[in-house]
Every structure is written in C-alpha cells, then in structure tokens.
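Asks: Protein chains in written order, with our numbering: chain V, 67 to 431; chain C, 67 to 431.
It is worth saying that the hints were derived from the structure and are not from the lab.
Remember, it's a predicted structure, so these values are computed and weren't measured experimentally.
Hints may contain errors.
Chain C stretches covered by chain V per the calculated footprint, using a threshold of three residues with CB under 8 Å from any CB of chain V [said to hold, decoys possible]: (1) 80-87; (2) 170-182; (3) 251-259; (4) 275-284.
Ideal placement from N, C-alpha and C gives every residue a C-beta, glycine not left out.
There are 2 protein chains.
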Amino acid sequence: MNLRIPGPTPCPPEVLEAVAQPMINHRGRQFAALIQRVSERLKHFYQTKSDVFILTTSGTGGLEAAVVNTLSPGDRVLSVSIGAFGDRFAAIAESFGADVVALNYEWGKAADPDEVAKALSSDPSIKAVLVTHNETSTGVTNPLAEIARVVREREKLLLVDAISSLGSIPLYTDEWGLDVVVSGSQKGWMVPPGLAFVSMSERGWQAYESATMPRYYFDLARHRDSLSKGQTPWTPALSMFFGLDVALERLAEEGLESIFARHARLGRLTREGVRALGLTLFADERFASDTVTAVRLPEGVEDKVLRNLLEDDHGVVLAGGQGKLAGRIFRIGHLGLVSEEEIRQTLSALEVALPRAGYTLRTRA
Amino acid sequence: MNLRIPGPTPCPPEVLEAVAQPMINHRGRQFAALIQRVSERLKHFYQTKSDVFILTTSGTGGLEAAVVNTLSPGDRVLSVSIGAFGDRFAAIAESFGADVVALNYEWGKAADPDEVAKALSSDPSIKAVLVTHNETSTGVTNPLAEIARVVREREKLLLVDAISSLGSIPLYTDEWGLDVVVSGSQKGWMVPPGLAFVSMSERGWQAYESATMPRYYFDLARHRDSLSKGQTPWTPALSMFFGLDVALERLAEEGLESIFARHARLGRLTREGVRALGLTLFADERFASDTVTAVRLPEGVEDKVLRNLLEDDHGVVLAGGQGKLAGRIFRIGHLGLVSEEEIRQTLSALEVALPRAGYTLRTRA
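The task is simple: from the sequences and hints, build the whole structure.
Replies: As structure tokens, this is what we get:
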C-alpha cells in the first residue's frame, strides 16, 4: 500500500518492529534511559535548549497543552488562521475562555507577517499569538520565521502548531524565538500516532506561573517534574516510545539538513507532476507546502470515486478535503518515509484513475 | 521477563503482532470497520447499551473526560477516595473548579456504602460522586455495586474509575447504574497503554447538556459525532486499535465469567503465597483486589534493593508503592495475561530474594 495521506505516515519496518516490543515497567530503569534518550534527541530536531515533553495524546491534545499552560480565561489572543487546523487552535483557546481575535485568511493563502504586525500594534492588549506552521488542510506553509520576528519585537507569546512541519521542513525553535511548539509522532517522525511533543521556552514557563486555565492531564509542570526522574506523570504509550527511539536514530543518521532537502525535492516533484496532469494546486504556490499537496478536484470528478479507485486498483491512498474543502480537493502527503518512486507511482495512478473517474484532460490536449 | 506490575500488563504475542501492522488511513473504510467492531465488543465487556468511546490518552485523561463532560465549576462533588487514584480523581475535579467534599479512607481500607449514603443525605447539594472501583495503589476493591445503589437512590451522578478493574473483575455498568465508567488499554485488556475507554449513560448525557467545564480534546460529544461516521475526532493511536481488536477477540473467546473466575483464582493464589512467605498484606483482606496485591515491605528490607534483585536475578518485575506508600509496600499485578505458573514463579523468586534483601523469616521459623 502506498499510503500518501499527510499522516499517519508509513513507518519503516524497524520502527514497526520496535513498536511490537513487549511491555516494560514505565517506572523502571529501562524506561528512564529511553525517555532521556528520545527527549534529548527531540531537542536537537526542535533546535532548542528547552525541554521537549512527550505527551500520550493526539496532536490536538498537544495544542490544548500549549493553550492551557500559558493562558488565562479572558486573555486576548491573536489567532492567525489559514485553514482547518488554524481554526481548531483558535477553537481550543476559545473553549478555555480566551478572548480570541481572529486574523483569518482565505484558505489556500499564507498569512502576511505585516498584517500580523499591524494586528498586534493596533491592539496592545493581545498577550499571545496562535499560528499554524504548516496548514495540513490546505497544503500551505506559513512564513513562520517572519511571523515570529514581528511577534518577538512586540514581546508577545508565540504558540506554534508545528505538527506537520517539524522534523520535515526547517523550523528553528530557539533561533526564531518560538515559545511553545507542538508536533505529533505520526507525521515526519515516521512513528504511529499517539504521542505529541511540546517544547516550552523560558517565556512560556513565566507565562505558566500566572496562567489560570484549568489543566490536569496536560499540565506541563507535571511532565517537567516527572522527566527529571526519567518518567511521565501518567502511564505513557510505551510502544510509541519504542518506535520513536528507533525512528529518531534513523532521522539523526540522515541529518536535519538532508531531511529538509529531501522534503523540498519531493514537494517540488509532487507539484510538478500534479500540474503535468493538468490539475490545479489549491495552495498559493509561493507558500506551497513541502509535506502535503492539496489539489483541486476537477469538475465532474467525485472525491470518493477517485480515491476509492486509487486505493482499490492502485494501492494508493490519498486524503480528502477537510471541513469546507470536503469534496473540493484531495491531498497527497509527502512527509516522513517517502521516496521519489512512491511519488511517481502516485502520479501514474492518478493519470490512470482520473479519466476513469470522469476527468477529461482538457488542459493537456 | 515476568512483568508483574499492575499495568502495563504483558501483551499476548498475537496482540503485539497486530500492534506492528502498517499504518492505514484513519478516515478510511478499513478503520471505520475496525472502530465499529471494537466499540461494539467493548459494550459487551462494559455490560452496557451506551456507546463506549475510545480516547487516545492515558487512563488519567479518561478520568478528566469523565469530569469535564458532566460537571460545571462550582458543582459540589463527593469524592470517595481510598488511595492515590481516588485522590487523583478528586484533584482533577478540583483543578476544573468543582467544589469537592472528601470522604477519605485510610489507605488499605475500602469505602463503606452506608457512610457514602450518610454523606449524600447530609448534603443534598452534592451533584455527583467520584469513586475508584479498584484502587491500584493499595490493592483494594471497593464494594461498587453497593455504593452505586446508595448513589442511585439519591439520584446523583456516579463517575467511576474502573481502569484496573473492568474486563478483569465483575462490573455491570447498566445493571449497577454507573453513569461514566473509565478504563485503560494497558490493564486487563492486555493491550499496550495509549487508549482510554469511556462509557456515558443517558443521565451522563443529560448532565453534559448543562456542564460548563471547559473541554476540547476530551469532549465526548465530538467522539459521539465521529463514532457515528466510523471515525475519531482526532487522529487515533492506530497501533493500539489494531492490538485491541485482537485482544478483544481473545477475551470474548474466554468469556466474561471465565475471565472473572480466573482473576479471582489468581488473586487468591497470590495472597495465599504472600502470607505463606510470612509477609503481610496491605489491604483489608475482605476487600483485597483480584487484580493487584499490595504487600507491606518487611522491616529492614529496602524497596529498591528487593525489586532490583527480583528483576536482575529472577526476571520478575514488581511495582513499588505510590505517593506516601513509596518504600513501604511493593505490589504484584495479576491482571490480564497471567498464569498460575507466573504467580508461582513470582512467589518463588520472592522466597529467594527476600532473605538476600535482608528479610528474616521470623514468622515462618
């Protein structure tokens, strides 16, 4: 099966083998060594000196952790949203009582750092900014370095959803001054879903001291205390830790810059191939993501028909659109364990399946 | 390795094999069939007609879900606590603003249903009761059926931590009238940690309508909506679902009553063996748990010395004490995948290791 959704991504055989290891005592010596090792490795991939905590949760729980550990009900927060996951981040903050000011972009576009600067300058009561680095629902990567610069200049907290970017495309936590950065095991990390990673800066910890949103399971101070003893506060998803250990070793061997270059190359290959089929990208191409490509469904082609054909006849699994994009786009994941060959096979399968799903190659004629 | 901690429990080889399956699309047809299958099977083990939701989280997150989906800040709640996990349940409710009235018992004792009745009658403003079915920290099983009866008579909500009981010892959700019941994959279910199960009664859903505690990741209405489409609201820990599917099939083959009988037999065997070594049980024997046995550390024996000896020389892994019981007890898990042979080996290892750790067999002389 050529699983080309933007997560869960395929896992290398050695990761799956590790995932199948027998259980151990999560309060014992072996786990203590394991969590120290993977936490240290994650700091390298995060490019941070701060602790990176490993939470047993989906990525969305990691986003909730970012919010509830730094904010109080009534805090004014700027939500910079360019899609479904940006909206989700804002909805979490709102659920916990934040006063959310929305800077929403048309889906498919990236955020404009100048407009973020303007929004912050026009409302000095804003305490924090929520931003998605790579918007999985639209295939757009925000100019995070530039956004971070304007946020830093104005001394606001910056909470970043880097779930589908970190470990795949460039992100430098400390250099860019990101306060809370969230990622998830099932993306570029090539590990099954079930773990979220959360880093927190010194500024984040200062915010924690006065933050009054209720928290228990996602309380990062409990994770900090436990990590110093080589533990997690609650029983961790051990199998995913076993897999992560092996995956991080593999990623470390490849090296950060090589990983980034590989994703950039595969992103380009995917976009070129999609265009060659006469299809239209959904994203503003200047900000097209190197981890996921969103493609407009051509007129007359039904999403389910196309994707079922691809899966049943070609073993290629693509993702549909989310929220208001359901039935309007399909998405190709190209992050984590993915080769040029798999992208080429995906494109070939599309070439065969599209006409069978009702597509007329008008633009290619 | 003879992993005899009260969770994570050992997993059968076929479960670990399933856990290692390649990733699939969590929004696709295969997962829809899988989640429908395991959710239906869980309803049987819960003995309920209500939905059982599967959350990607440790058990503690399941407890948080029980609280935040049914309560509002300021709600008066009776916490019936007999140990560390009862205290944790109360702490979660307090963190989210509940007004917690504590009915605490000396650790090692069970709760008294008459006293629960008295506490409820003396304060009609109490809206809900939190109770631990099986207190893993002390090895005590509460008389849940009797507690439930007095709670039902007074028409209060009953939230139950059944993490280390459900699927191992008798619990009848609908018959007993339990409103929210939480369990965790790494206990009697023989699946690695990472999933919590939560059932919610009609009364629970009525409470949900007016409950205002903030919630997002643990919002059960989102799970209900997604389950009707064969999905979870957030990316699920797929590997654990694969394992759960196989484990539930195995458990269904054994049958509910056989599973209960096996745990009762192994619980008895463990307690008899421990006493035969001249050791003292920590729990009130009338309420001793059939999933975990807590044993007082004899004078002169250091917890770490004993447990390291057992692990290094005998391959037997026991759990230490939690919270104020650290260094005062050790605990033997006998739930999930466990045979008489493994209990006998544990007892033999203790017999050899205890004297080496400084134990004099005074009472056996």
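Asks: Work down the list of hints and note, for each, if the structure agrees.
Replies: Against the structure, the hints come out as follows:
1. Proximity of the stretch 80-87 of chain C to chain V, defined as three or more residues with a beta carbon under 8 Å from a beta carbon of that chain, is established by the 5 residues found.
2. With 0 residues having a Cβ less than 8 Å from any Cβ of chain V, the stretch 170-182 of chain C misses the three-residue criterion, and the hint is violated.
3. Coverage of the stretch 251-259 of chain C by chain V holds in this model, with 3 residues showing a Cβ closer than 8 Å to a Cβ of that chain against a need of three.
4. Figure legend: the stretch 275-284 of chain C, annotated as covered by chain V; annotation consistent (6 residues with Cβ-Cβ distances under 8 Å, at least 3 required).
Checked against the numbered hints listed earlier, the structure breaks hint 2 alone; every other hint is satisfied.
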